Amino acid sequence: RWRLFSDLLYKHNFSEIIQRASKIFVSHSQITRLYSRFHSLDKGENGALSREDFQRIPELAINPLGDRIINAFFPEGEDQVNFRGFMRTLAHFRPVEDNEKNKDPSAGEPLNSRNNKLLFAFRLYDLDRDDKISRDELLQVLRMMVGVNISDEQLGSIADRTIQEADTNGDMCISFSEFIKVLEKVDVEQKMSIRFLH
Amino acid sequence: MSWCCFFCLQWATLRMERGAKEKNQQLYKPYSNGIIAKEPASLEQEIQEMRRSGSGLGGAEFDMSDIFYFCRRGVESIVDDEVTKRFTAEELESWNLLTRSNYNFHHISTRLTVLWGLGVLIRYGILLPLRYTNIPGVVTVLCFSGRMKSFLSEKVHLMCYRICVRALTAIITYHDSENKPKNGGICVANHTSPIDVIILASDGCYAMVGQVHGGLMGVIQRAMVKACPHIWFERSEVKDRHLVAKRLSDHVADKSKLPILIFPEGTCINNTSVMMFKKGSFEIGCTVYPVAIKYDPRFGEAFWNSSKFGMVNYLLHMMSSWAIVCSVWYLPPMSREEGEDAVQFANRVKAAIARKGGLADLLWDGGLKREKVKEVFKEEQQKLYSKVLVGGEED
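Protein chains in written order, with the UniProt record's numbering: chain L, 1 to 198; chain H, 1 to 395.
Hints listed in this document are in silico derivations from the structure and should not be mistaken for laboratory results. A few of these clues could be false.
[Said to hold, decoys possible] With a straight-line cut-off of 25 Å between C-alpha atoms, the simulated SDA-like cross-links for lysine to any residue are:
id, chain 1, residue 1, chain 2, residue 2
1, L, Lys185, H, Ser42
2, H, Lys383, L, Glu59
3, L, Lys43, H, Glu82
4, H, Lys308, L, Lys185
5, H, Lys374, L, Arg143
6, H, Lys372, L, Asp79
[Unchecked claim] Short derived list, chain L residues pointing at chain H, Cβ under 8 Å:
id, residue
7, Ile62
8, Asn63
9, Leu65
10, Ile158
[What the hints assert, rightly or not] Under 8 Å between C-beta atoms, here's a sample of chain H residues computed to sit facing chain L:
id, residue
11, Glu61
12, Phe62
13, Met64
14, Cys71
15, Trp364
16, Gln381
17, Lys383
All of these numbers come straight from a predicted model, not from anything done at the bench. By construction, the Cβ of each residue, glycine as well, lies at the ideal position given by its N, Cα and C atoms.
Throw the hints in and build the complete structure from the sequences for me.
Quick look at the structure:
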């Protein structure tokens, strides 16, 4: 069988990739597209993406939360992400309807469940991974989103009010369950999903 | 003879496609229409909508769900963005039997492989040598052109470029030639490759603008200047915009001089879109003659990916493709209107060219090919979001 030309660089078998990938993304055409996209982002042609590869995307570079989103792709302490890792992170954004086609009871909770989408968003705030969003962490994210346009005091009071509204156990931090409660009416499934055209 | 070849092989490819479809085999899929569905709603609209549906209070202060907007937009841009795909060759709907345009090769049938092999033989064995024989002609003409009188030089130049066109087997269709650029004006066109120059110059005489190069390009540039005045800049001068603008206006003011040919994008783009036009050429205040150039990628990819291929490699690719097929549209001349600044004028011209050539009209700067995006765009996003936050307080 002829292989994908880039396989010569990537040194693995395309059909193997598709097989393993189909546990994460069901559609063959979506996997092919993502592989193609991964390859076009991988300027160093070494089978893995670095943070610079992501920062080369202008629309991502101007996104106020760009750096945090890029971080979400890299496992703890690593600065390279391979195709599998790339797909696993993107799988959080599959629409929930997709799961209807892949009812596998032994597979555990799918990556794109409402819970896992919320966890993804929670982790954007919770930089130190202690399962709590502290006032400082909240302020950091707020500062990233508003830039220089809002004063420290105003931002501080916004943060305080947000924590007051969400915090139910009085520890001045937002835990994951408190986070879920605050967002229970929001249509997370739609807002944190990306629809593929084919 | 080469015409027959092209059409035979095109027919063959179409037959292969049909055959594969009948057998329901996985074939090459077109990616040109985008991979994901993107909502066109603005930052304010989306965030307000999210808040209304969540807490029922539109325009309230910060909501923890606000990050969803940035998060989703960020991941969307990772999967498919408007800019980076313009700097690599366009993906084709059907394979044109050129390995270089092959991004997703799956072995379909032995017949197709045989056809591909035949294609290679024809392109490298017959077409390429035939095209090479034109090169001595070009070189000779260039070397002697400096000594010609000016009334001859026009004829000589046209002939020279037409030999180049034959060297590449470029099949060009010129539309609306009544709008061809006249003396004392500037001709602007979208830029895909150095061949754009050859295509335009074989149908009319232009004064070129560009940086002084060394090596072979430098020799060609010096030879061209002997025949008629072109505007070549030293690299250091290019940075001085006033100097550049002065030289251009002086040239344009002299009605005996040829129209200047400028590519305002400043870099090669892959012919699926038109990117930001640099305003320099639109500040001069003379008539602008827009030209739209659209290549047909099925016969040969004309886009020069300068980070991947050098000039020599690129020329080799061009000469071993089936053909370079393109359409050139001369648009009616435009001038800056009252109350319009250079940037608005540039955008208007860009929109006209994009419309005529069937290309996407983008605001992004072609310079993003090599440089990072400016911080100021991120600051704009932050400002927009701050308005939503603070605006909520005032409600």
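Evaluation of the provided hints:
no.	hint	result
1	L:Lys185 / H:Ser42	holds (22 Å)
2	H:Lys383 / L:Glu59	holds (16 Å)
3	L:Lys43 / H:Glu82	holds (18 Å)
4	H:Lys308 / L:Lys185	violated (50 Å)
5	H:Lys374 / L:Arg143	holds (19 Å)
6	H:Lys372 / L:Asp79	holds (20 Å)
7	Ile62	holds (4 Å)
8	Asn63	holds (5 Å)
9	Leu65	holds (4 Å)
10	Ile158	holds (5 Å)
11	Glu61	holds (6 Å)
12	Phe62	holds (5 Å)
13	Met64	holds (6 Å)
14	Cys71	holds (6 Å)
15	Trp364	holds (6 Å)
16	Gln381	holds (6 Å)
17	Lys383	holds (6 Å)
The structure fails to meet hint 4 from the earlier list, while all remaining hints are met.
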